[in-house]
Amino acid sequence: MTINWQLLMPELIIILTFIIVTIFDLFDSLQKTLTALVTIVGCAIALYVSIDMLSLGMEGTEFSNMIQVDKYSLFFNIIFLVSTILIVLISMNYLGREDKRQGEYYLLILLATLGMMLMASGNELIVIFLGLELMSLSLYVLAGYFRRSMVSSEAGMKYLLLGAFASGFFLYGIALIYGGAGTTSIPQIASTLTAGAKSPLLLAGMFLLVVGFGFKVALVPFHQWAPDVYEGAPTSIAAFISAGPKAAGFAALLRIFMEALQNLQSEWIVSITILAALTMTVGNLVAIAQRNIKRMLAYSSIAHAGYVLVGLAAANKDGISSAMFYLLVYCVMNIGAFGVVILARTEDGESLMISDYAGLGFKKPLLALFMTVMLLSLAGFPPTAGFVGKFYIFRSAVEAGQIWLVIIGAINTAISAFYYLRVVVAMYMREPEAELDFLAYPRLLIIALTLAAIGVVLIGILPSYFLSPAQISTFL
Amino acid sequence: MLLSAVIFLPLLGAILIALARHILGESGLKWIALIVTLLTFAVSLSLYTGFDATTHEMQFKEQRPWIAGLGISYHLGIDGISLWLVLLTTFLTPLCVLAAWNSIEKGTSGFMSSLLMLETAMIGVFCALDLFLFYVFWEAMLIPMYLLIGIWGGHRRIYATIKFVLYTMAGSALMLVGILYLYFQNDNTFNLMTLYGRTLSHQNLLFLAFFIAFAIKVPLFPFHTWLPDAHVEAPTVGSVILAGVLLKMGTYGIVRFCLPLFPEGTAAYTPLIVTLSVIGIIYGALVAMVQPDLKKLVAYSSVSHLGFVVLGLFALNHQGVQGGILQMINHGLSTGALFLLVGMIYERRHTHMIADFGGLSKQMPIFAVFFMIVTLSSIGLPGLNGFVGEFMILLGGFMSDSFSKVYVIIAATGVIFAAVYMLWMFQRVMFGKLDNPKNQTLTDLSLREIVVLVPIVVFIVWIGIYPKTFLSRMEQSVSQVLRQSRSTAAVKAAAPAIVLDTTTKEAKEVDE
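These protein sequence lines map, in sequence, to chains A and B. In the working numbering, each number is its position in the first sequence, counted from 1, plus 201. In the working numbering, each number is its position in the second sequence, counted from 1, plus 32.
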């Protein structure tokens, strides 16, 4: 049996990068920022290869149908790799040059990225679970990366405990589905289900999967861990958790529900609809009450998971591609917002209150402008990418007849404008109170942030270049 | 390409100003803004000269695919209704730049870029023929206005600006759902021209989804509470643009979307809307009467005046709709001018409380003359623009068969109230003793300020004496709106026989 290694190029490149970074890390005499640069280069090559494969239309299955490389998984690879590159860029000066343990930080990020890629291309519930665990275990460690800091350790611990719970639910769900369908392969589950027979085992398994995914992507009411972890974890890791892993969770969720369990649609669609409505509404309402910007962004990212879930609730082809497009846009704008949080901070480096941002607009106009673009995009104002993404999601839901869900979503957009604009108010319309301390930003980061901001606006004005790949990349 | 040029010239100017921030000084940036807005006005004049008044068809059309994957196109065009609103926008903006010349204390580049971006969004709203494009411009307008009020506004500016954004967004959220619903009900099209030809289902709900967004913007009683706050806190230029153009986006939306697309919904809700607009007319006038603050007084007078506009539009006959549209322009000119005048004394005295003034006419005679003309125009003195608009609206109301004459009689008292609050205000500010020592040192208008006011006064008189220039160009378009809002209702009302009847009637109208 020969293995078509070409199909697995992106994953292999990440593994190779992992090895190189490990070797680099062995030598203390080497500058630690070098590990970061190698990580970026590795991810960039993997990104290039993924884009190339997507445009060539390379598809296929490997390892006895365990891995399914298709446009869908390649599109998600792009999301993960773009997020990882941005995260490494904002981590570089966040960790500083002094930190001796930087090597393991980037290694864990690479491992988590590999896990996400497996989740997106898993054609088998077990592979998805393995990917999920690879990703989650790395993230638990990363969340507690600041060992000396109480909040960081607490965040790591909390994330580990609740995450383990979720994995338990997930695995139990897989077991029950295996009991009901006699297989864990996604296409085979789908074909078994066409034969009829909705066994209670399958249904129970399906709902356990919903709970498991609900924890992982932080849907209400399984979201309680998110704000605490985001607040305690290193800010760069909070940004990471809010972006790639969430997208990976949705990648697997969409594939399992829209492919394997499509014939149970009538059973899950109501619960998904309710979850979507709850997640958007609770996320946005609670975000209004937040004074800490990291907690606010945490609740906002919960709300955004709700918007993406609207795409699944639409349960049609456009629903999937709109969720994919939105995840891409969301990752860029969310990491961008976190990037600004990292760059501008108070003297003690902790407790970032929104009021600390007062006057930023006149002190650091470029940084404030960048933050404004990201926040407006998160709030969904045209002409930004966030607006097009939201519009596409709502469009697919109306197409599916989910008018009420769209009305709730649209009202939520108006609610969310309130707290996003409050940061803009602080930056431009209030007098400064606290002295902010600014990290010196390296040229690479400025380039990355500028590219992200221009990208967000350009995607908003000319979305077709990103929209059509998303539209042709669904598995349906 | 002409429309695109008019829309995006200001945006180019905004980008230029943002980029040249460090290179040019404050006055350089202001000059760029002035030149760009004047250029935009000059280009927009060729819309006027090239306009064909004999047809109701959209003119200067541009259409090309934009987001092909979602069925969205970049589709522009204007008719006799939007023509005037585009011109109003391009006319007022350079005056605003001039008016703001000395009053920006911080961030000139930000102020001017916001103003220019705002102009782009406003013109875009009036030109868009694709529902998605319309929505994009409609929402894009919020951010620059939000910044204008929030950064350069008064003490309670943050409260006012957030209230403004949230009110508008809450309204437009439902409109977005309505737009999407229309899209899927009609073979996946956002093209307004295609939709015009259809008889739509669920008209009542769709009408509401659109109308609430527009009613908030107009603002129609009881959605008006954001307006006084926004006006009082906004900088002068913000108030001028807000009263002059932004509010018209609401009434324009009603003419462009609600009436022609949803005749059934229009018929169903006319009694409610007319009641609300009459309440708005009287309520706005009464509240304006007791305001101690000049800006608030003008803000409430806007509520009253726009009540007239909505009343005229829902009369659904020639006089009413034409009067309503003309009154939109009138209100833009006279209320814009009022805010400019209030801004001019605010710059000198840093207050807009009526009690702080008195006897100004002795100290500032030129100012008093301009103020008098604009006040009379706002009241509706024959010979000035306000009279023509209000007269046509009331006439249309009396002739209308969509609501009872009682409404019109009550509304007409609003004209008298307007005279009361405006003249009383004028008396308290301009006449009496010049006893406040701070007022005794006031200087009269500078040349720049006179240059700002003269063009507006010219049009105030022009419309008052010879409104035909304006009416003749909107004639065909108004007939078309009325045909659309009637014919589909007739189709629904009875058997096909009546359809034939209406078509022959239309044919006759064309013959005449």
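Hints were generated in silico from the structure; no laboratory data involved. Some hints could be false.
To be verified - For lysine-lysine, the following PhoX-like pairs were computed, each having C-alpha atoms within a straight-line distance of at most 25 Å:
(1) K93/B - K138/B
(2) K564/A - K272/A
(3) K138/B - K565/A
(4) K470/B - K564/A
(5) K470/B - K394/B
(6) K399/A - K272/A
Verification of the hints:
With a C-alpha separation of about 40 Å, the suggested pairing of K93/B with K138/B is violated against the 25 Å cut-off. Annotation: proposed proximity of K564/A to K272/A is violated, straight-line Cα distance about 45 Å (limit 25 Å). Using a Cα cut-off of 25 Å, the hinted pair K138/B and K565/A holds, with the two alpha carbons roughly 15 Å apart. About 37 Å separates the Cα atoms of K470/B and K564/A, which puts this hinted pair outside 25 Å; it is violated.
For the hint pairing K470/B with K394/B, the CA-to-CA distance comes to about 14 Å; that is within 25 Å, so the pair holds. For the given pair, K399/A sits about 31 Å from K272/A by alpha-carbon distance, which is inconsistent with the 25 Å threshold.
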